[in-house]
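Enquirer: Below are the chains, spelled out letter by letter.
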Amino acid sequence: MGILERTGTLPDDLADASLALARAFGAGATMWCLAPGLEAHARHLAVEFVHPVIMGKRALPAVAVAGADALALLRVQTRPGDVLVAVAGADEPTVGAAMRRCRAWGIASLWIGAGPRPAPGAADVVLWSDDPRAPYSGGAVLLYHLLWELTHVCFEHAGLLRDHPDAPAAPVSCADEPCITCSDEGRLAEILSVEDDRRAQVRTPAGVEAVDLSLVDDARPGDLVIVHAGSALSVVER
Amino acid sequence: MSGSDFLYPFIEADERDQAGLLGDLAASAGAKMDQSAALRDETLARLAGEIATLAGEMTARFATGGRLFTFGNGGSATDAALSASLFALAPGGTPLPARSLAEDTAVLTALGNDVGFELVFSRQLIAHATASDMAMGFSTSGNSDNVVRAMAEAHRRGLLTIGLAGYDGGGMAASPDIAHCMVVRSESVHRIQETQSALVHAVWSEVQDRMGTGVPS
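Line by line, the protein sequences are chains A and B.
Every number in our numbering is 1323 more than the matching position in the first sequence, counting from 1.
Every number in our numbering is 112 more than the matching position in the second sequence, counting from 1.
The hints are simulated quantities; they were obtained by calculation from the structure and are not laboratory data.
Since we're looking at a predicted model, the values are computed, not measured.
Treat the hints with care, since some could be wrong.
[As the list claims (entries may be wrong)] Listed below are several chain B residues computed to face chain A (Cβ distance under 7 Å; list not exhaustive): (1) L133; (2) L134; (3) A138; (4) G142; (5) K144; (6) Q147; (7) G186; (8) A193; (9) L198; (10) A200; (11) S298; (12) V301; (13) H302; (14) E306; (15) S309; (16) A310.
[As the list claims (entries may be wrong)] Heads up, incomplete: computed chain B residues facing chain A, CB under 8 Å, no partners named: (17) R128; (18) S140; (19) S148; (20) R158; (21) L194; (22) A202; (23) T206; (24) Q305; (25) T307; (26) H313.
By construction, the Cβ of each residue, glycine as well, lies at the ideal position given by its N, Cα and C atoms.
Please build the complete structure, drawing on both the sequences and the hints.
Expert: Spelled out as structure tokens, the structure:
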């Protein structure tokens, strides 16, 4: 098809993102919108969902997060099952840090941008424009307009919003140990506080838990660690 | 399957054809992308003369210390903020004094609460604007009361007035207070906003060209 040839995988990526977003909203998610440096995009994205341009469409919970404390605000306000949508270049450090924490926080991630693409796996879904002018020339706005439009199409397909054999995997819950899913790799967690050199409170999709820090040096709040069987095994990012 | 099911193949609550829905969504996305690009290209071509004239007038005002104030409501407020960021901060461009009047919640809520939401932009122009400045108002309908009123105030004060509208241009297209009213002829708020951003980007690019910055167009 000519359309798809010209626009690459973007239409398919938009379709995947919209269905995932509709399912998340259906399950009670809040959408958190982040666009450091161009906060107007985060606000535009949020207002589309909160105050639909088409009368009669559902108002959905979306929030723009702005300012120097955006990461800390996301940390305290997001709940497992929520969705983070960023509009930013691949090298934006706050977005990178937030995206890397999404698995520890148990939230889905969507990254909209232009220019060089983020590394594979940087977000659950990436919607990317080849045009470096897109942040200012309407291309980025088009992507999140289409995300809103297609998400509302999905709400007309109630049967596909529930659990489904083909549905993308939900964040894995590892609340009950031992956990077969986690036994090989351990779980990603973010350190919330260090009580002494030996113990820390960490956040995972299952909630807040205490872990042993004996195996890692100099762990600090905000660090991402791999946790297995009650112990932090290594620091992945600080 | 009943006689009309082919019209609404997904309406049942036990719908299971995820691949079918994703295919429809992707086809719709592709078609909308094409519509957006076609509207943008048609509008940029139709308004090429207006863009060039406006860019010349804005360049002259920036050169003599003029400042750009932008404003709008809702998504148009964010498009106004993005346009101000483009002129003030965009990588590769000469930074130019531009800011949005829809950003400061203390000012907006004070004016909205005390004197009325229809005056939130015009009152700020009264406080800030001089005759060398520029006012750029966004309204997809062309009828936003506070934008139309701010345009009238700006015109009274000698500012260069620039309107970005949609549909048939509404009250903004007919207003004698707006020197350059660029109308995106569409009835989709989203497609209008996308092309409005492209229009402002084209104006900015031409202003930068005239200043010798040499940014890519």
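Enquirer: Run every hint past the structure and note whether it holds.
Expert: Structure-based check of each hint:
no.	hint	verdict
1	L133	holds (6 Å)
2	L134	holds (4 Å)
3	A138	holds (4 Å)
4	G142	holds (4 Å)
5	K144	holds (6 Å)
6	Q147	violated (10 Å)
7	G186	holds (6 Å)
8	A193	holds (4 Å)
9	L198	holds (5 Å)
10	A200	violated (12 Å)
11	S298	violated (12 Å)
12	V301	holds (5 Å)
13	H302	holds (4 Å)
14	E306	holds (4 Å)
15	S309	holds (4 Å)
16	A310	holds (4 Å)
17	R128	holds (7 Å)
18	S140	holds (7 Å)
19	S148	holds (5 Å)
20	R158	violated (16 Å)
21	L194	holds (4 Å)
22	A202	holds (6 Å)
23	T206	violated (15 Å)
24	Q305	holds (6 Å)
25	T307	holds (6 Å)
26	H313	holds (4 Å)
Checked against the numbered hints listed earlier, the structure breaks hints 6, 10, 11, 20 and 23; every other hint is satisfied.
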